[in-house]
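Colleague: Here is how the chains run, residue by residue.
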Amino acid sequence: MSQQAIAVPLAAKPPQWKTWLSLENRYIPPVFITLILLIGHFTYGILESYPKTLLAIGTAIATELILGRIFLGKWPNLASAYISGISVGILIRSPGFWPYALCAAIAITSKYVLRFNGRHLWNPSNFGICVMLFLASESVATLSIQWGNNIWPMVVIWILGSAILWRARRLQISATYVISFLALAFVRAWITHDPWQSEIAPITGPEYQLFIFFMITDPRTTLRSRTGQCMVAFAVAVVEMFLRLDQSVYAPLYALFLVGPPALFIETWMNKRRTQAALHPQQDITRS
Amino acid sequence: MKHGPTTRVLLTLFFLGLIATPIVIKRISARKKAAEASFDSSSALARHGFYLREVSHEAGVNFTNEAPTLDPKLTPIMPEVASMGASVSVVDYDRDGWPDFYVTNSREGSRNALYHNNHDGTFTDVAPQLGIADVNQSGTGVSMGAVWGDYDNDGYEDLYLIKWGRPELFHNDQGHGFTRVSEQASLPKWINANTAVWFDYDGDGKLDLFVGGYYNENIDLWHLANTKMMPESFEYAQNGGRKYLFHNLGGGKFEEVSAKLGIDSRRWALASGAADLRGTGHPDLFVANDYGVSELYLNDGKRFHEAGKETGIGFAPKSGMDVAFGDIFNQGKYSVYVSNISEDGVLIQGNNLWTPKDGTSGAAIKYENLARDLGVELGGWSFGAQFGDLNNDGNLDLYLTNGNISLDHNKSYWYDFAKVAGGNHSIIEDAKNWPSMEGRSLSGYQQKRVWLNDGAGKFVDVAQAVGVTDTYDGRAVALVDLWNRGVLDVLVANERGPLLIYKNTVTSENKWIEFQLEGTASNRSAIGAQVALYWDGQEQIQEVSGGSGFAAQNDRRLHFGLGKVPRIDKAVIRWPSGKVQTIENPTPDKLYSIKEPA
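If you read the sequences in order, they're chains A and B. According to UniProt numbering, the first sequence is numbered sequentially starting from 1. According to UniProt numbering, the second sequence is numbered sequentially starting from 1.
One chain only, chain B, in its complex shape (with noise of 0.2 Å):
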């Protein structure tokens, strides 16, 4: 080589500084980190604007959920494959104007409930007397979430009840019980589910129910013929169970027309959510799979067309375990939120923020990912995650739940797992081949993330600074005024955890505004029914849903948060029917309850 002492002194000074390089990144990265750690309720309210306050036990809510136990030749992996079932929906079953949740356990035997409003800041259990508590039967199968939605239009929600087994419709008698109508409705005998959605996708006024499958149907579970049940691939597995939309027929009946209407996949459902995408007028059907790509699922009002590929959403494969649908610009688009696994120094899927490319739109539309330019891909083992003003300034804010199996906190099952996760599908696919967890976690005790949107294309997170410190393992978030305060409070539920309760304080100087619609010609919850305020020069968009998150349901009342002083110009509702409304300057601070006009 030729070089002098010098350059030779110079090199070796540039290699030690490249080295360095990430000792530096990170130390800054920590400082930054401890600097947001601690919480004050002032500070967080001067600084951020809002603060979270866990108050379950005070709200007279103590429920746990409890996991299920499969067949005992999964013993060895058995956390990790009974890893689901705490969900949370939140529903006015009564229609008494205050709104009431409902939530999952997963233990045979083990029972759901229904925590009533008590206007009073506290909750009563009222599943058990209304007939939804004792759902998880042995040999029924053991529930892994809930969707509402008036599919008789009586003007009372009712309950479908998604389960690894025997898939139940409850209908919602006026608010004081419920009967199973489940055959009635001519319902599968056995689906092993995580999500299903409510929503009217060829705008006839009767809701739809669109069921997505996780493990196959053929399988038990609890009676396994052999234990080659786990997927074939970690990211491209298609041997997961079927897809199934309902039509709904009228007079309690339905149908089953997935083949028919495009939607024919054996990918691994973990989340969906559905939201007219394009402003067709039509409801599109996002679909998040677990080890493998996204499936968006074009309308037309008749029929489906998948396009993951075309609009971009589809390509990389994940583990998707998320949908939810946010205008997070304030420029009247929805972009879509997907989470998968993240887990430091082993594997970097990064969740997803699709948006809009800039210049297409209807059917040539396109979506990239945002999710590192604004901050929000790395959140750990992401499950459950929603969109909501929680500090009412305008912009929509994003609360995501995360952590997978909390067992022996000094000892990882990850090193096992991605031993076999990259292995020929022959091995994966078969339980035998999976070493014991023995107690081991796989990406538990994780924290939370609150992402504060800034408004100016940005999102921090504020978690530990407003008071979100629980390390659970998160499934399902919900999003929910629940004492009608003007005020975006958080429920979520954990993974063999408490039903966690946080309160929403809210510094006074932002304002708010709240629409419950209620569908005539449309379906009566008015799922699909979508708002467009203006205020302030912007415009931000949301719509009713029948469903979103993981293994959850947000209120159907919609909130908008408006900042300091806010001038608004307009609502602008669009029914699924078609018909729009505009309501011309209407008040902050206030609860507008609209009915679609004749």
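Bound-form chain A, shown alone (with noise of 0.2 Å):
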């Protein structure tokens, strides 16, 4: 969850309000966040603490201002950083203040240290919160059963995260994500034995609606062809699979954190070597 998941259009321009009213506004995401929180702590408090999520947010924010200062020489947009900062504010669970704004720092930097021929290999809240689950067990937990147990919410966030990754072009990773759970839930179940109600439930749950919304549909971690997009999609459900049989809790994002930078890095590699044989033809056949 770090960025806006909508494409600037490249059409010729409509009128400027019809574009802060439309789908394509690349703040239409942050504020779809923002929604989702303010109605889930206003219906079900899940925020026990107000400084603690603006403080993830504020650090957010102040660690993507200065590195972006030093190291694109502007001031940068600040829509991926807060959406990065609020997504670490919900889903961070801790006593203390520093793991979030340690989490926060952490996916931020991680945009500008772990990158590979100019992208960044991972989503930023997924790798920050992944870490400190990884190393700071002890103090932090995600959110987990904090969204009530009731359909509405749910059906509430499908339908309006649904439209804006159908305009956003981005809905076939969430599909392809969704189809491939349930089925592998079913895999789990007849492996385990357990009941396939317990193995579906998960998804049933709003929390996980953040995950197949923003954290697997962001634009800067996600392959540019569609056919690939849904092959990492199946592929976080295949190893989020594996993770669950071991029992793993947080087995999505582990799944994404495992799956996603691998995927990147193959596509971008491809594209270089691609450009390289479009650029060289003659040489490329002389190899082969």
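If you're looking for bench data, these hints aren't it; they were derived computationally from the structure. One or more hints might be untrue.
What the hints assert, rightly or not - Beta-carbon label-pair distances, calculated as ranges:
#, chain 1, residue 1, chain 2, residue 2, range
1, A, Tyr27, B, Gly279, 50 to 60 Å
2, A, Val187, B, Gly457, 35 to 45 Å
3, B, Gly457, A, Ile39, 47 to 57 Å
4, B, Phe315, A, Val187, 37 to 47 Å
5, B, Ala34, A, Phe134, 32 to 42 Å
6, A, Ala183, B, Gln238, 50 to 60 Å
Said to hold, decoys possible - Computed list of chain B residues with no C-beta within reach of chain A, every gap over 10 Å:
#, residue
7, Thr21
8, Lys26
9, Gly203
10, Asn216
11, Asn218
12, Gly251
13, Ser258
14, Gln331
15, Ser342
16, Ala364
17, Tyr415
18, Val460
For glycine and all other residues, C-beta sits at the position ideal for the given N, C-alpha and C.
Mind docking these for me? Both chains are given alone in their own frames, and the hints should help you get the complex.
Modeller: Now the structure itself:
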């Protein structure tokens, strides 16, 4: 959950007010996630502490501003940092303040350090949260059961999220993941002999929707081709299945952590090769 | 990206520094813990002013709790659904001036025990001959706890037995036996409750009784019609048992008045306590609920008004399992401790220490959670906790027991638990959808907490250093001066485990004072009577309780630690009748037995 899941339209510019109200607006995802946060909080009290969430957002934005200024030479757009910060604020649970600040700082810094060929490899908030869960498990957990267990919050998130992703041409990622998850849930139930309802239970909780709609669809850390995007979503679900068979509580987060970067790396490497081949066709033929 | 190699190296170092931070913090914390981990009685006495020694076998108490076995449909998750029933409550049932205690068992056909204090360091189980042992017979449900209160003001404490099943009221026949009077008292046929508290909500001098349901009262857990008996949500469940408020009409009769007086909830109550939180002279009722928010019922003497959200305690849903009151800052105000669940890397709810916000009082009282600031937030899968001055230094300390299900040491049920708990209500409320536990633990083998109040706004865990090293699945904690020595000993009831007696040894430098109160116009148990002790420029209040903690009741005698060379100005007793009595310059190291003046 770090980047806006919206591609900027290439067609002729519509009037400004239409752009602002359009789903293509790059600020729609931050607004959407803020709405989720506020509705979740005022209906279910998901935030125990405003200061902690604000700390995560503030740290993410401050880190982005400083690093962006130094490394990009300009003040960066803060929508991405805002989403990363708010994601950390929602998903991390800790009695202390420091994990919120540290997680947000790690998330944003990872964008500037862990890069290959000009692209950062990990979804920033996924990276930050996984690092905290790996290294500070005694101080940190993630939000797990704080969104109620009713169908309606989930329906609202699904409708809004699907509409946004459809317009952003990324719904195929979430759809592939959901279908794969459900199919593999039955495979897990068959292997473990646990009730199939218990295997599909995680995806019926609203919290999981943040992962489906924001994290795995992050444009900066997903592949360019639609087929590639779907293959990665399927691969995430498969790795998640194996992690779940190993009883990993945070299987989806870890699966994305493990699958996303290699996929990006391979795509970037292949693109580079293709570009080189296009630039030097004779050389390629000679080599082959 | 515009940057040079030096900047790049600096950025990488900064990034590595960030990654290394949690590792460094973990190491520092582990080092601190290791320094506190070793127990040595003389250094504990020198450093902390006390130590605890487990003496149950020496004291002749060999009681082991057995868990219930419910309907076979629940077999796959039996350890989880049948994980409560161990309790301990202190009573001087025969008025000999020495505290006795009652412990419950939960296997069908198992027996509860009433340990009579032999005045020589040992105890004898007298429950069978007094008629309150064989109370878990098949078809009547099993015990979950017990609270004592003299409902007919005859001077002898009577017993209300909290059950998943047929609730029971036993009349104490002057210490020589108990008579079952449940029907005469018009108790319901079946309640699946885990908590009850005696208190005189209307100040008429007769003890009333609150009972908080957990499972729905229409469910017979041994003969389930279907398996849809789990909570509909793990944080917003409202499909639990109903609440009861039995108004004492006198003559052994009670009338159920909860809905009429504003108590109408189907949250899953696990603990409750009553205390005059606002100084109104009327006891308020605090209910800690599993799978949801806590509830605070403010009492105007005639009706209750649920003010959880208004006061700030009823907003963030957790897994409430304990209610304990304590004047932790010696400012004449109660804080309320509510235990919850914390499991490293999985779920960190954190326990709550609800403390009145500065500048708020009366009907406008607001609470803030200071558990983290004071260091009492993380206690594992926490259950019973009680405040008491364990080292007599003048500050209330906090004893917490914990641990949910200790089975296979190396296998955890947490993955499956978390998997289902976050799902849709139609999945989680049906027990057949839950994966089988297959002998796995769920937050088992946990280390207890003995949080020492330093008097400067911090609590420090010294459990290992003062000798509390058990890792049983703790449920109930009761504090009592078992041998009339002027120190608080600790009783701990463990699920599927032994009843533990931690005998306290306190440095003789620290002084104490105790009060044993008896009401006349007020209820004779003096439940709700408050003592405000003024010494060395501080004020501490304590109140006689009709049940607190989790499935527990402390000694009715009030114990105050005083520190070294105290100068006590006065003790002010405010009786439930409204009478105020002052004792000027009471003497330290003495038990005061005080009858309410006419």
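Colleague: Which hints, by number, does the structure contradict?
Modeller: 2, 3, 5, 6, 7, 8, 15 and 17
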